[in-house]
Amino acid sequence: DAKTTQPNSMESNEEEPVHLPCNHSTISGTDYIHWYRQLPSQGPEYVIHGLTSNVNNRMASLAIAEDRKSSTLILHRATLRDAAVYYCIRLSLSGTYKYIFGTGTRLKVLA
Amino acid sequence: EAGVAQSPRYKIIEKRQSVAFWCNPISGHATLYWYQQILGQGPKLLIQFQNNGVVDDSQLPKDRFSAERLKGVDSTLKIQPAKLEDSAVYLCASSFSPTGGPLHFGNGTRLTVT
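Those protein sequence lines, which keep their order, are chains C and S.
Be aware that the first sequence starts at 1, since it is given in this note's numbering, and climbs by one per residue.
Be aware that the second sequence starts at 112, since it is given in this note's numbering, and climbs by one per residue.
Keep in mind that the hints are not guaranteed to be accurate.
As the list claims (entries may be wrong) - Below, computed lysine-lysine pairings styled on DSBU-like, alpha-carbon distance capped at 30 angstroms:
1. S:K126 - S:K189
2. S:K155 - C:K69
3. C:K3 - S:K182
Because the hints were derived from the structure by calculation, they are not lab data.
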């Protein structure tokens, strides 16, 4: 089962950090963790991905637990434009490398 | 770099009619995906192509849905005949390879079946 578990919704104040959790307790050693977000009326867009180590890019940071059973997407300073649905995806390198989306977390940013 | 192009942007049809969606992936991207996104849900993978070959179509309702990717570039997804429950956004995505880089999505085609 390649599904992940995320809270349905979260709220954050503008310019404050946001921590979006994801549970993937059945992850295997070669599964990557990917994060995508979907703004209203748009297709999903890539945010960040990682395997074992924490990762940073211009959009966000990804913190992966030592046992890899969970991860957290960190937006350092939320803006109104970060309001979106955030999807945490396990990508298995065995088989057909399918990106399977769950229902994601709807992030609301308050001004 | 030009993004993934999809058309039409919107389509309204009556049940039992047929409809086709078109996708032009990013140049050089060998892997192409079609997803169905029902309102309030995450995207559901329908079919995955590697060049012009089908890698996975296990979630494609083959009695009414078909897809092709001739010459390994553009792709079309067809529904015939459409049902009310096919109302959704159909998203096309591409990537350089199955493991080579992120997915790039188009903005989708919103289908309404009445």
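Consistency of the hints with the structure:
1. S:K126 - S:K189: holds (14 angstroms)
2. S:K155 - C:K69: Roughly 23 angstroms between the alpha carbons, so the hint for S:K155 and C:K69 holds.
3. C:K3 - S:K182: Outside the cut-off at roughly 33 angstroms; violated.
Hint 3 alone, counting from the list given before, is not met by this structure.
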